[in-house]
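On the provided structure of chain A, position chain B as indicated by the hints.
In the order they appear, the protein sequences are chains A and B.
First residue of the first sequence? That's 1 in this note's numbering, and the numbers climb one at a time after it.
First residue of the second sequence? That's 1 in this note's numbering, and the numbers climb one at a time after it.
Among these hints, one or two may not hold up.
One copy or any two copies: either way a pair holds, since identical chains are not told apart in the list.
Said to hold, decoys possible - Below 20 Å or equal to it, Euclidean Cα-Cα: the simulated SDA-like pairs (lysine to any residue) are: (1) K203 with E16; (2) K203 with N51; (3) K129 with I186; (4) K172 with F10; (5) K172 with M124; (6) K172 with R151; (7) K88 with E54; (8) K198 with N138; (9) K172 with D143; (10) K142 with D195; (11) K129 with R148; (12) K129 with R204; (13) K162 with T75; (14) K203 with R20; (15) K147 with E173; (16) K41 with N138; (17) K159 with Y44; (18) K198 with G97.
The set of hints was computed from the structure by calculation and includes no laboratory data.
Here is what each chain is made of, one letter per residue.
There are 2 protein chains.
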Amino acid sequence: MNIITISREFGSGGRELGKRIADILGYSYYDREIITAIAEKHDYDENYVENMLESKFPFTMPITYGRTFSYTDATGQQAIQLMSTQYKLLREFASKGNCVIVGRSANIILEEFDPLNIFVYADMESKMKRCRERAPENENLKDSELKRRIRQIDSGRAKHQKFLTDQKWGAKEGYHLCINTSGLDIKAMSPVIADYAKGYFEKR
Amino acid sequence: MNIITISREFGSGGRELGKRIADILGYSYYDREIITAIAEKHDYDENYVENMLESKFPFTMPITYGRTFSYTDATGQQAIQLMSTQYKLLREFASKGNCVIVGRSANIILEEFDPLNIFVYADMESKMKRCRERAPENENLKDSELKRRIRQIDSGRAKHQKFLTDQKWGAKEGYHLCINTSGLDIKAMSPVIADYAKGYFEKR
Chain A
1 MNIITISREF GSGGRELGKR IADILGYSYY DREIITAIAE KHDYDENYVE NMLESKFPFT
61 MPITYGRTFS YTDATGQQAI QLMSTQYKLL REFASKGNCV IVGRSANIIL EEFDPLNIFV
121 YADMESKMKR CRERAPENEN LKDSELKRRI RQIDSGRAKH QKFLTDQKWG AKEGYHLCIN
181 TSGLDIKAMS PVIADYAKGY FEKR
Chain B
1 MNIITISREF GSGGRELGKR IADILGYSYY DREIITAIAE KHDYDENYVE NMLESKFPFT
61 MPITYGRTFS YTDATGQQAI QLMSTQYKLL REFASKGNCV IVGRSANIIL EEFDPLNIFV
121 YADMESKMKR CRERAPENEN LKDSELKRRI RQIDSGRAKH QKFLTDQKWG AKEGYHLCIN
181 TSGLDIKAMS PVIADYAKGY FEKR
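Looking at chain A on its own, in the form it has when it is part of the complex (with noise of 0.2 Å):
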């Protein structure tokens, strides 16, 4: 089974990378996908699952009694539960097939499934370019509001994966490739990297 997950900085262009790398392997794709799984597996709202997840998460961490933990509230152990979901989920997706993942830390769930580890990131101003482009018309963050919200949501998955491993968000080291896409053309550069991946998974 070759599985590719993708780590990226908000607003890197991660996502798009990893949904072309996919389309050009013929790999499956997962990225809301887990969430909506997650979501539907637990009748919850989507929107409550990611914010569970990303942003409320790190608030809730545990409390260490020796070798077992506890949680001081309701909702740290929500959190561990739909952290629980989301580790089965991603087993599930990685053993039906060859795919692509982007964020989850699925570079550490799947550890075991020997995945090819990317990690997309880029400066900061040509993160806030591309999230310009993106955002909804009626979105008018000033340009320090945004680079909050990108650093926020970035230290969010940063705090996701310390969770689990002691490996840091974003250190090379933790990765087969890290690609800089500042000024980089994505749609271009995609059958590249796709044949990156190709080539790792024939040689290894």
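Structure of chain B alone, referenced to chain A:
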């Protein structure tokens, strides 16, 4: 002018990758050639130049007096002189035509040539394996000694770059592509990475 710079951890195979990419693309290749040229220019021994620019250099950091700085010893002054020659030679090489340059902080020194900056790294196990395969027959370093040597050389490289810029050696933000060669077949992957470079230069 298309310039590719390769920064690399010792033992990661960055030199091999750089040479192969240069061959595939028909670019000039500079590595040891730079040391040779500096040595010739000053009529010094090559090993002395290399030693001064790598391992010795960090021990002779300047003391700053306001906006000027002075050196505490003659070795420091000589190191500065060699750095300055290296700076001029790198720009001379880069001006001649498309090339791949390995090491020598070329990513920083040639910034205005808008190079494609690649960082090559690997886990310690892979680096040690690579070093053992390439070591002279009579070299019998213990694992701990080899590890220390690898770290020492990389630390020299990091300090060399630190003298030129605030941008941290090996921090992914300073590179366009970071390639983890652990378990990677460099020969097999070089054409794909050469394609990446070609695509990068075509689209920028």
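Practice task
Please work out whether the CA atoms of K172 and M124 approach to 20 Å or closer within one copy, between two copies, in both situations, or in neither?
Solution key: both (18 Å within a copy, 14 Å between copies)
Exercise for the section: Since the copies are identical, ignore which copy is meant and state whether K129 and I186 lie within 20 Å (CA to CA) inside a copy, between copies, both or neither. Expected result: Classified as within: same-chain Cα gap 14 Å, cross-chain 35 Å, threshold 20 Å.
Handout entry: Identical-chain pair category, K172 with D143, by Cα at 20 Å
Key = neither (28 Å within a copy, 24 Å between copies)
Exercise for the section: Go through the copies and call it for K162 and T75: within, between, both or neither, with a Cα cutoff of 20 Å. Expected result: within (18 Å within a copy, 46 Å between copies)
Practice task
Pop the pair K203 and E16 into one bin, within, between, both or neither, using alpha-carbon distances up to 20 Å.
Solution key: between (26 Å within a copy, 17 Å between copies)
Practice task
Indicate which option fits the pair K172, R151 if close means a Cα-Cα distance not exceeding 20 Å: within, between, both or neither.
Solution key: both (18 Å within a copy, 17 Å between copies)
Practice task
Up to 20 Å between alpha-carbons, please classify K203 paired with N51: within, between, both or neither.
Solution key: Answer is neither: 39 Å inside a copy and 37 Å across each miss the 20 Å cutoff.
Problem - K198 and N138: within-copy, between-copy, both or neither at 20 Å Cα - result: neither (41 Å within a copy, 39 Å between copies)
Exercise for the section: Pop the pair K88 and E54 into one bin, within, between, both or neither, using alpha-carbon distances up to 20 Å. Expected result: Result: close within a single copy only, 18 Å intra versus 50 Å inter.
Practice task
With 20 Å as the alpha-carbon cut-off, assign the pair K129 and R204 to within, between, both or neither.
Solution key: Result: close only across copies, 17 Å inter versus 37 Å intra.
Practice task
Tell me, please, which holds for K203 and R20 at an alpha-carbon limit of 20 Å: within, between, both or neither?
Solution key: Cα proximity of K203 and R20: across copies only (17 Å, versus 22 Å in one copy).
Problem - Identical-chain pair category, K147 with E173, by Cα at 20 Å - result: For K147 and E173, the Cα distance is within 20 Å only across copies (17 Å; inside one copy 26 Å).
Hint compliance for this structure: hints 2, 8, 9, 10, 16, 17 are broken, all remaining hints hold.
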